[in-house]
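Number of protein chains: 2
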Amino acid sequence: MRAFIILGHKAPLNPDFTLNDLPGSAGRLDVLCRCVNAALFLSHDLRRDVEVFLVLQDQLTICISGQHVKRLNPDERSTAALIKKALERIQHHHGSDDVRSTPGITVSRKGLKQVLGYLTAQRFVPILLLENERSFRGCFLPERVAFVLSDHTDFSETELELLLEFEALKLSVGPQIYPASHCIAVVNNELDHRDQAS
Amino acid sequence: MRAFIILGHKAPLNPDFTLNDLPGSAGRLDVLCRCVNAALFLSHDLRRDVEVFLVLQDQLTICISGQHVKRLNPDERSTAALIKKALERIQHHHGSDDVRSTPGITVSRKGLKQVLGYLTAQRFVPILLLENERSFRGCFLPERVAFVLSDHTDFSETELELLLEFEALKLSVGPQIYPASHCIAVVNNELDHRDQAS
Chain A
2 MRAFIILGHK APLNPDFTLN DLPGSAGRLD VLCRCVNAAL FLSHDLRRDV EVFLVLQDQL
62 TICISGQHVK RLNPDERSTA ALIKKALERI QHHHGSDDVR STPGITVSRK GLKQVLGYLT
122 AQRFVPILLL ENERSFRGCF LPERVAFVLS DHTDFSETEL ELLLEFEALK LSVGPQIYPA
182 SHCIAVVNNE LDHRDQAS
Chain B
2 MRAFIILGHK APLNPDFTLN DLPGSAGRLD VLCRCVNAAL FLSHDLRRDV EVFLVLQDQL
62 TICISGQHVK RLNPDERSTA ALIKKALERI QHHHGSDDVR STPGITVSRK GLKQVLGYLT
122 AQRFVPILLL ENERSFRGCF LPERVAFVLS DHTDFSETEL ELLLEFEALK LSVGPQIYPA
182 SHCIAVVNNE LDHRDQAS
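In the order they appear, the protein sequences are chains A and B. The numbering used here numbers the first residue of the first sequence as 2 and each following residue consecutively. The numbering used here numbers the first residue of the second sequence as 2 and each following residue consecutively.
Among these hints, one or two may not hold up.
[What the hints assert, rightly or not] Reference listing, derived: stretches of chain A covered by chain B, where coverage requires no fewer than 3 residues with Cβ under 8 Å from a Cβ of chain B:
(1) 28 to 38
(2) 42 to 51
(3) 73 to 85
(4) 186 to 198
Hint data in this document are derived by calculation from the structure and do not stem from the laboratory. Positions of the beta carbon are idealized from the N, C-alpha and C atoms, including for glycine.
Extracted from the complex, chain A is given alone in its bound form (with noise of 0.2 Å):
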């Protein structure tokens, strides 16, 4: 199982904004659609094994499930169609809960510090993605592995120290700094490879 979890620190927090400019008024939804899309997709075919958590402004939590998502399409424009709905969906529900938006789609009154919670509860081990940490290419990694990465702008102080005592490992992709989306197909790849090697 992986998960990956993107923090949208401009991410929108209502659903008015228009499709028509992503990386503006929408404070770029762009970034975090090129993550889903890096997260779920083969060519032809989803992965299934993944779930992604977007974090909006660190109140909102998207969860897109590989096994039950539908209507999922490899671009950033309808990606954020259907965050979107997921939005006005929300917009009226006060609870904490998880709120089914479309199929494979849910929506909840959560931040980084619940998201953590739920998934180190189910055994998996967060990993911060970093520049100039150790590679993780050659290193063990755990059966359950939730990467955590930042949008277009650099982890906040708090979120280093949340993601530290939830005792993520830090790790590197690569000897350049990548755009998240990037870093994800990088990360799909190398468990790819090791998955068939065990």
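Knowing the structure of chain A, use the given hints to seat chain B on it.
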């Protein structure tokens, strides 16, 4: 130096498409836009040593030079807008020479054969990324590599024959079948590792 050639089998040859429907009426232009992103972007930077060739229906080629390109943003829509501009620029130009569209982007009435001819004349070795071939991870790679990928459809028999005429190496990116943009992200990461080690 790295080059990526991406074959768009249904990509538009004229600018009469809407940016609101890249996967549909624009012939899966979203796939090509994600490939441009994967080939050229680092986090908050561009790869200056990369050139991308989008070969549209084997009739037009749009070349994006990492060294010279300006106004390129990571999202699909704005990349598609640059492609649209290039298609406007070539519409009334009937020669086979390269026409400059926006800074770092040229367009020409060339197909795969001409692009391969141009690159191999500059000592690039074409590498054909296919499933079920030898993994490119452990193998020797020439200094100048031109990776050739297909969009959401398979290579045609004619394309495969042409690539073998140009002595393309056949290699595989991993044990799964990946979207072209994921392959590019993985290839760039692998080459970064090699550059660091050399």
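How the hints compare with the structure:
1. 28 to 38: Held - the segment 28 to 38 of chain A has 4 residues with a Cβ nearer than 8 Å to chain B, which meets the minimum of three.
2. 42 to 51: holds (count 5)
3. 73 to 85: holds (count 6)
4. 186 to 198: Coverage by chain B holds here, the residue count being 8 at a Cβ distance below 8 Å.
Going through the hint list in order, the structure satisfies each hint without exception.
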